[in-house]
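These protein sequence lines are chains A and B, in that order.
Read the first sequence against this note's numbering and you will find it ends at 237, with the numbers running on by one and no gaps.
Read the second sequence against this note's numbering and you will find it ends at 237, with the numbers running on by one and no gaps.
Please note that a few of the clues may not be correct.
The list cannot tell twin chains apart, which means a pair is met if one copy fits it or any two copies do.
Straight-line alpha carbon distances no greater than 25 Å define the calculated DMTMM-like cross-link-like pairs of lysine to aspartate or glutamate that follow [stated by the list, open to error]:
1) K111 <-> D37
2) K74 <-> E195
3) K111 <-> E29
4) K87 <-> E195
5) K114 <-> E29
6) K111 <-> E38
7) K114 <-> D200
8) K114 <-> E145
9) K87 <-> D57
10) K87 <-> E38
11) K87 <-> E157
12) K114 <-> D68
13) K114 <-> E157
14) K111 <-> D200
Everything labelled a hint here was simulated from the structure, so no lab data went into it.
Single-letter residue listing:
2 protein chains.
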Amino acid sequence: MNLVLLEAEDLVAPQHARLAGRRLAHVREVHRAGMGDELSVGLLGGRMGRGRVVRLDEEALELALDLDQDPPPKLPLTLVIAVPRPKVLNRVVAAAASLGARRIVLLNAWKVEKAYWASPRMQPANLRQQMILGLEQAKDTVLPELCLARLFRPFVEDELPRLLSGGTGLFGHPGTGGPVPPALALPVTLALGPEGGWIDAEVQSLGQAGLLPLDLGPRILRTETALGALVGRLFLA
Amino acid sequence: MNLVLLEAEDLVAPQHARLAGRRLAHVREVHRAGMGDELSVGLLGGRMGRGRVVRLDEEALELALDLDQDPPPKLPLTLVIAVPRPKVLNRVVAAAASLGARRIVLLNAWKVEKAYWASPRMQPANLRQQMILGLEQAKDTVLPELCLARLFRPFVEDELPRLLSGGTGLFGHPGTGGPVPPALALPVTLALGPEGGWIDAEVQSLGQAGLLPLDLGPRILRTETALGALVGRLFLA
Numbered sequence: 001m002n003l004v005l006l007e008a009e010d011l012v013a014p015q016h017a018r019l020a021g022r023r024l025a026h027v028r029e030v031h032r033a034g035m036g037d038e039l040s041v042g043l044l045g046g047r048m049g050r051g052r053v054v055r056l057d058e059e060a061l062e063l064a065l066d067l068d069q070d071p072p073p074k075l076p077l078t079l080v081i082a083v084p085r086p087k088v089l090n091r092v093v094a095a096a097a098s099l100g101a102r103r104i105v106l107l108n109a110w111k112v113e114k115a116y117w118a119s120p121r122m123q124p125a126n127l128r129q130q131m132i133l134g135l136e137q138a139k140d141t142v143l144p145e146l147c148l149a150r151l152f153r154p155f156v157e158d159e160l161p162r163l164l165s166g167g168t169g170l171f172g173h174p175g176t177g178g179p180v181p182p183a184l185a186l187p188v189t190l191a192l193g194p195e196g197g198w199i200d201a202e203v204q205s206l207g208q209a210g211l212l213p214l215d216l217g218p219r220i221l222r223t224e225t226a227l228g229a230l231v232g233r234l235f236l237a
Numbered sequence: 001m002n003l004v005l006l007e008a009e010d011l012v013a014p015q016h017a018r019l020a021g022r023r024l025a026h027v028r029e030v031h032r033a034g035m036g037d038e039l040s041v042g043l044l045g046g047r048m049g050r051g052r053v054v055r056l057d058e059e060a061l062e063l064a065l066d067l068d069q070d071p072p073p074k075l076p077l078t079l080v081i082a083v084p085r086p087k088v089l090n091r092v093v094a095a096a097a098s099l100g101a102r103r104i105v106l107l108n109a110w111k112v113e114k115a116y117w118a119s120p121r122m123q124p125a126n127l128r129q130q131m132i133l134g135l136e137q138a139k140d141t142v143l144p145e146l147c148l149a150r151l152f153r154p155f156v157e158d159e160l161p162r163l164l165s166g167g168t169g170l171f172g173h174p175g176t177g178g179p180v181p182p183a184l185a186l187p188v189t190l191a192l193g194p195e196g197g198w199i200d201a202e203v204q205s206l207g208q209a210g211l212l213p214l215d216l217g218p219r220i221l222r223t224e225t226a227l228g229a230l231v232g233r234l235f236l237a
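Required output: the full structure, derived from the provided sequences and hints.
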């Protein structure tokens with residue numbers, strides 16, 4: 001937790017926050033903060049800055065706030081991710097948020113097992129919590145827009161072309177795609193397939209929607225590793 | 001497991017392998033293979049190709065081998081990673097192997113807790129197993145060279161300059177580093193700090209060893225996410 005992320009209900013006065021629970025425990029046990037220490041703090045959806053510890057005990061952490069900075073800009077990036085197995089879902093969503101994606105779409109695909117959609121981890125409250133953890137890690141305050149697309153064809157045929165909005169669409173397709181195009185019109189929409197990849201009909205649909213197949217070379221990377229590698233390739237200075 | 005990785009002792013004849021345990025279970029339960037099916041197979045440290053299922057039951061998987069391809073080339077990359085907490089160590093090592101690093105150094109640093117070194121996960125057998133999982137994921141057969149550097153200064157002062165060997169050395173240093181240099185002499189040596197970052201004396205030592213500080217922008221990424229992003233930035237086509 002590189003940033004203590006406050007929600008509106010944590011504010012007991014305009015420049016004063018009171019926290020308990022997970023964040024209190026983290027500040028006591030990991031940060032090992034003391035009275036008067038200054039912590040990096042941000043207000044969800046708002047500005048960030050410093051919070052001076054004015055109370056810290058078993059019941060509450062209270063912070064005097066000085067929020068004078070804007071959060072880092074989002075990347076002009078929509079990530080469309082075939083729903084991964086529950087075990088890795090949390091990490092993928094947190095990583096996507098920490099990398100600065102503006103929008104995250106969790107998409108169905110032929111090789112996404114139906115049980116994945118029924119996982120408690122797919123509940124909106126959990127997905128939001130994972131994005132919060134990603135923001136706390138990255139020092140950002142702005143939640144990505146999150147969409148759940150349970151039906152592949154309507155999403156890809158009707159919504160995806162609109163999301164592209166003049167930018168560049170890419171989808172991971174090991175073995176038969178090409179390299180990253182030399183000039184990228186922004187925004188970028190990047191689709192990552194399930195374990196086992198897209199089936200032929202999906203490849204065809206993604207192509208018809210205007211996405212270009214991308215080949216990262218001979219190595220098959222896990223979703224979370226491929227995600228970092230592609231964002232690094234496309235956006236890092 | 002995109003590649004069934006065989007070890008020398010799995011070979012019961014030059015073109016014939018017999019497996020049990022984890023790989024047998026995976027092929028039965030995840031691949032759901034049947035007699036006559038062909039699987040992607042590689043021999044640890046050797047070639048890769050296809051294995052035709054000639055026996056598959058509760059006791060053993062037997063494969064008739066046709067190994068006619070070389071593994072993908074390694075990246076000209078040494079990763080020097082401050083030992084992460086045990087919970088993430090496995091994923092970081094597997095990801096580093098899957099990305100194709102030629103060498104992985106696990107390094108001590110001021111903010112690496114001593115308990116991390118005592119974790120059972122730091123045992124060579126576990127670290128090797130995580131690299132194997134990374135190779136199985138990526139479809140590679142060649143283990144990275146793994147080094148454990150329990151003493152920061154002797155490693156950074158004596159060994160690191162030799163590892164650079166005319167190439168480019170970089171270390172992650174959020175907040176005060178620069179962007180990736182425009183032209184990179186190969187090989188690349190890339191050092192990633194612990195949670196909480198390098199301390200000043202470490203930054204100075206890394207600089208004196210010939211590494212350049214690198215700033216990935218305002219976002220602080222987890223080791224495993226930063227790893228993917230940097231390798232993508234430096235090596236993806």
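Self-check item: Those earlier numbered hints the structure runs against, lowest number first
Solution: 9, 10, 11 and 12
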